[in-house]
Amino acid sequence: IKEDFEIIDKKQIPNTTELKNEEKEKTEEARWSAPILSLAKKASENLALSYGNALKSASLVGFISKPVSNDSTAKTSARYHAMEERANLMNMMKLSIKILIQSALSLGRTLDSDFPPLQQFFVVLEHCLKHGLKVKKTFIGQNKSFFGPLELVEKLCPEASDIATSVKNLPELKTAVGRGRAWLYLALMQKKLADYLKVLLDHKHLLSEFYEPDALMMEEEGTVIVGLLVGLNVIDANLCLKGEDLDSQVGVIDFSLYLKETQDSDGKQDGGITAVLDQKHYVEELNRHLSCTVADLQTKIDCLEKTNSKLQEELAAATDRIGSLQEEQQQLKQQNELIRERSEKSVEVTKEDTKVELDTYKQSRQGLDEMYSDVWKQLKEEKKIRLELEKELELQIGMKTEMEIAMKLLEKDTHEKQDTLVALRQQLEEVKAINLQMFHKSQNAECSLQQKTEAISSFEGKTNEMMSSMKQMEERLQHAEKARQTAEERCNKMKQELAGRLDTCRQQMSQLDSKCSTLEKELKSEKEQRQTLQRELHQEKDATTLLKTELQQMEGLKKELRKLQDEKQQLEKVCEEQEQALQEMGLHLSQSKLKMEDIKEVNKALKGHTWLKDDEATHCKQCEKEFSISRRKHHCRNCGDIFCNTCSSNELALPSYPKPVRVCDTCHTLLLQRCSSNSS
1 IKEDFEIIDK
11 KQIPNTTELK
21 NEEKEKTEEA
31 RWSAPILSLA
41 KKASENLALS
51 YGNALKSASL
61 VGFISKPVSN
71 DSTAKTSARY
81 HAMEERANLM
91 NMMKLSIKIL
101 IQSALSLGRT
111 LDSDFPPLQQ
121 FFVVLEHCLK
131 HGLKVKKTFI
141 GQNKSFFGPL
151 ELVEKLCPEA
161 SDIATSVKNL
171 PELKTAVGRG
181 RAWLYLALMQ
191 KKLADYLKVL
201 LDHKHLLSEF
211 YEPDALMMEE
221 EGTVIVGLLV
231 GLNVIDANLC
241 LKGEDLDSQV
251 GVIDFSLYLK
261 ETQDSDGKQD
271 GGITAVLDQK
281 HYVEELNRHL
291 SCTVADLQTK
301 IDCLEKTNSK
311 LQEELAAATD
321 RIGSLQEEQQ
331 QLKQQNELIR
341 ERSEKSVEVT
351 KEDTKVELDT
361 YKQSRQGLDE
371 MYSDVWKQLK
381 EEKKIRLELE
391 KELELQIGMK
401 TEMEIAMKLL
411 EKDTHEKQDT
421 LVALRQQLEE
431 VKAINLQMFH
441 KSQNAECSLQ
451 QKTEAISSFE
461 GKTNEMMSSM
471 KQMEERLQHA
481 EKARQTAEER
491 CNKMKQELAG
501 RLDTCRQQMS
511 QLDSKCSTLE
521 KELKSEKEQR
531 QTLQRELHQE
541 KDATTLLKTE
551 LQQMEGLKKE
561 LRKLQDEKQQ
571 LEKVCEEQEQ
581 ALQEMGLHLS
591 QSKLKMEDIK
601 EVNKALKGHT
611 WLKDDEATHC
621 KQCEKEFSIS
631 RRKHHCRNCG
641 DIFCNTCSSN
651 ELALPSYPKP
661 VRVCDTCHTL
671 LLQRCSSNSS
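The sequence shown finishes on residue 680 if you use UniProt numbering, and the numbering steps up by one all the way, no holes.
Treat each hint with caution, since some may be false.
Restraint ranges, calculated between C-beta atoms of paired labels, are given here [to be verified]:
{"no.": "1", "residue 1": "T73", "residue 2": "T293", "range": "13 to 21 angstroms"}
{"no.": "2", "residue 1": "E626", "residue 2": "L107", "range": "52 to 60 angstroms"}
{"no.": "3", "residue 1": "E305", "residue 2": "N233", "range": "51 to 59 angstroms"}
{"no.": "4", "residue 1": "K377", "residue 2": "E348", "range": "38 to 46 angstroms"}
Hints are computed from structural coordinates only; laboratory data are not their basis. This structure is a prediction, so every number in the text was calculated from the model and none was measured. We put the CB at the ideal spot given by N, CA and C, even for glycine.
Please build the complete structure, drawing on both the sequences and the hints.
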């Protein structure tokens with residue numbers, strides 16, 4: 001936090017002679033003001049004693065807030081008291097600020113947290129901020145702290161975010177009161193306390209959530225106090241928050257500082273007398289305030305007496321109610337017995353039904369397991385058969401490829417044979433040419449040769465008709481021989497020349513005949529191979545048809561398997577639903593048992609628990625420590641036994657008490673377990 005330093009004129013700093021004169025005047029004033037101060041102290045002590053006795057009597061009876069009356073006099077008196085409280089707090093604030101500024105200027109240095117006027121200023125400011133605060137009820141108890149409205153400053157003024165974060169980061173602060181005090185310390189060190197409170201007062205619609213409408217911060221006195229706080233910007237403060245215990249500090253106003261203050265700025269003798277008179281008036285106001293508080297306490301005591309009488313009447317009515325409740329309890333007992341019998345019968349019936357259902361479920365499950373095992377075996381066998389068929393298919397595919405290769409080889413052989421036939425044709429053409437040269441006159445021989453060439457050409461495309469063509473060739477050859485004979489007769493002269501050539505032609509023809517026979521044999525073998533291949537193809541087609549039928553059967557089996565799996569899933573769902581129903585039945589049974597146990601415990605509590613008297617118990621029932629003035633007795637509202645404060649510090653709402661009341665530790669744990677079981 002940055003510290004701002006201000007320059008003070010030398011004229012404002014007092015000399016040593018002036019300080020000595022002031023000390024002399026103080027000693028002279030103390031001589032004649034001592035008896036007046038002693039009288040004021042005695043009066044304040046008497047009033048404090050009377051106030052303490054009234055508070056003790058109120059604590060013995062039990063504190064109850066004042067009943068709000070509809071009369072106008074009560075309202076006017078309450079308003080008058082609120083106005084008096086605001087006026088007194090504003091006067092105290094003026095005095096504390098005045099004394100703090102005067103003492104700080106007289107010292108002429110930065111103030112520490114141990115400085116008494118500064119401590120009293122924070123105490124008075126805390127009382128002003130607490131005036132008219134609304135009480136917030138929580139699970140632990142009632143909470144009334146002024147740190148709630150101070151947290152709004154962070155939202156309204158972003159400059160105050162540093163203060164809020166530093167207060168939250170302090171690990172020593174555990175309560176809201178300590179955090180509020182630390183916030184005030186830091187705001188004073190920043191010299192922005194008045195600015196922050198002014199921001200709060202400008203937004204009174206937000207303060208209405210925390211303060212009553214008659215509170216000091218909601219009225220004009222709050223603006224006056226904020227105006228007075230502006231004068232504190234003259235002071236430089238250096239406050240340490242780490243070493244101090246702000247949570248456990250007691251905020252009590254020390255009036256001795258203000259009673260002893262008789263210093264006057266003018267330094268005249270009349271100033272001392274006026275100061276004493278002001279102090280006397282202040283003491284009278286204090287006495288009047290204390291008398292008002294005593295009167296308020298007396299009215300409270302009267303109200304408490306009235307409430308006690310009302311409570312006695314309520315006790316009588318409660319005893320009557322207890323009698324009626326006991327009768328109702330007996331009726332409830334009878335009803336509980338009937339409910340027990342019915343529940344036991346229903347439980348037995350449900351047990352028998354569940355046993356029968358379990359037996360049927362087990363039988364159906366065994367049948368399903370057997371069916372599942374059979375289907376699983378069939379699947380394994382079918383998988384094996386399928387693997388074997390796949391292997392056979394692979395082999396057949398390999399055979400097909402081999403057959404295709406063989407067919408290609410055969411085609412190559414046929415092409416080669418065709419080439420040989422072409423060569424033979426060429427040779428025949430040569431023979432024709434020789435015959436034409438030799439036999440110009442033998443046209444018939446040429447026709448026969450042409451027929452032979454045509455037969456050879458037809459032999460290429462029609463292998464099945466080779467034998468018939470060969471017979472025709474022989475007949476034609478015979479005709480040719482006859483023609484030759486006729487030609488020989490005609491050409492006897494030419495026979496001798498052509499005899500050698502004819503022998504050679506005959507030899508060539510014999511060779512051609514042998515070649516044709518070999519070709520026929522090869523064609524027959526090829527036909528046989530083709531027939532065997534066709535047979536194998538037919539066999540493969542039959543095998544493929546068989547495989548297709550088996551695959552169709554496999555698909556049917558798969559469909560049956562899917563149906564069986566669906567049926568199995570449906571049966572599993574039925575089983576799960578039955579198990580859930582059994583679980584729900586078990587839960588209902590456990591809840592009914594818990595309810596019966598609760599009813600039993602309530603009956604035991606109503607029968608056995610008795611309210612112990614204070615004289616009967618001398619020790620705590622749980623820790624067995626002896627009771628004393630410091631360790632007081634406390635009744636448990638559930639079991640009626642007497643415990644110390646530590647063993648009965650818990651509070652819970654009971655059926656007989658709508659509001660939370662004191663309960664011992666054992667009863668607290670039992671009741672919490674019962675609540676948790678009921679909620680589950």
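Against the structure, the hints come out as follows:
no. : hint                               : verdict
1   : T73 with T293: 13 to 21 angstroms  : holds, 19 angstroms
2   : E626 with L107: 52 to 60 angstroms : holds, 54 angstroms
3   : E305 with N233: 51 to 59 angstroms : holds, 53 angstroms
4   : K377 with E348: 38 to 46 angstroms : holds, 44 angstroms
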